[in-house]
Amino acid sequence: MKKVYETRSFTEQEYTMKTLYVFGNEYLAEDNFALKIANYMDATIIHCRNPDDLLYIEGDITILDVVKNIKKPMLITDINQLKSRNIISLHDFDLGFFLKLMKGLGIEKNIRIIGIPMAGDIESISAEVKKWL
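Counting along the sequence shown from 1, when you hit position 125 you're at 198 in this note's numbering, and nothing is skipped either side.
Since the hints were derived computationally from the structure, they do not count as laboratory data.
Each hint should be verified, as a subset may be incorrect.
BS3-like cross-link-like pairs, simulated, lysine-lysine; straight-line CA separation at most 30 angstroms [what the hints assert, rightly or not]:
| hint | residue 1 | residue 2 |
| --- | --- | --- |
| 1 | Lys203 | Lys182 |
| 2 | Lys144 | Lys91 |
| 3 | Lys204 | Lys176 |
So the derived label-pair ranges between C-beta atoms look like this [claimed, not checked]:
| hint | residue 1 | residue 2 | range |
| --- | --- | --- | --- |
| 4 | Gly179 | Asn123 | 14 to 24 angstroms |
| 5 | Ala102 | Leu178 | 26 to 36 angstroms |
| 6 | Asp194 | Asp104 | 16 to 26 angstroms |
| 7 | Ala102 | Gly179 | 31 to 41 angstroms |
| 8 | Leu148 | Lys176 | 15 to 25 angstroms |
| 9 | Gly132 | Asp194 | 27 to 37 angstroms |
| 10 | Tyr113 | Gly179 | 33 to 43 angstroms |
| 11 | Lys204 | Asp151 | 13 to 23 angstroms |
| 12 | Leu178 | Ala200 | 29 to 39 angstroms |
| 13 | Glu181 | Ala102 | 27 to 37 angstroms |
Ideal Cβ positions, reconstructed from N, Cα and C, are used throughout, including at glycine.
Go ahead and model the full structure; you've got the sequences and the hints to work with.
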């Protein structure tokens, strides 16, 4: 099983691989499925703990994250597809809100989000996700 990397220096081989930015909390069962799926990907995996990690990335960005109320993986290429919610506290400051805020501030990046269900068959979902890398 592949290790999920924290932000660090990469080897030359890792630079030639696609990079997948993975969101999730390894300690919360309802929010760690993307981290499990990432271990099956042929890509350089970077575990993002905060949405603002995306500000410093050059080039195209492919994100893997769980999406509530979906049954199968989906590819989101337009951040306007993301549902916004009212923010009550900083804890509610989620990835979708942050991406829309970036766009509103004129910070344009080519972002693709591979959304996966919160749970499911790891092998079949991994196979679907690999098609989009």
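Results of checking the hints against the structure:
1. Lys203 with Lys182: Measuring from Cα to Cα gives roughly 22 angstroms; hence the hint holds.
2. Lys144 with Lys91: holds (26 angstroms)
3. Lys204 with Lys176: holds (27 angstroms)
4. Gly179 with Asn123: 14 to 24 angstroms: holds (21 angstroms)
5. Ala102 with Leu178: 26 to 36 angstroms: holds (34 angstroms)
6. Asp194 with Asp104: 16 to 26 angstroms: holds (18 angstroms)
7. Ala102 with Gly179: 31 to 41 angstroms: holds (37 angstroms)
8. Leu148 with Lys176: 15 to 25 angstroms: For Leu148 and Lys176 the Cβ distance comes to about 18 angstroms; the hint holds.
9. Gly132 with Asp194: 27 to 37 angstroms: 32 angstroms Cβ-Cβ, so the 27 to 37 angstroms window holds.
10. Tyr113 with Gly179: 33 to 43 angstroms: About 36 angstroms separates the Cβ atoms of Tyr113 and Gly179, which means 33 to 43 angstroms holds.
11. Lys204 with Asp151: 13 to 23 angstroms: Holds, at about 19 angstroms.
12. Leu178 with Ala200: 29 to 39 angstroms: holds (37 angstroms)
13. Glu181 with Ala102: 27 to 37 angstroms: holds (35 angstroms)
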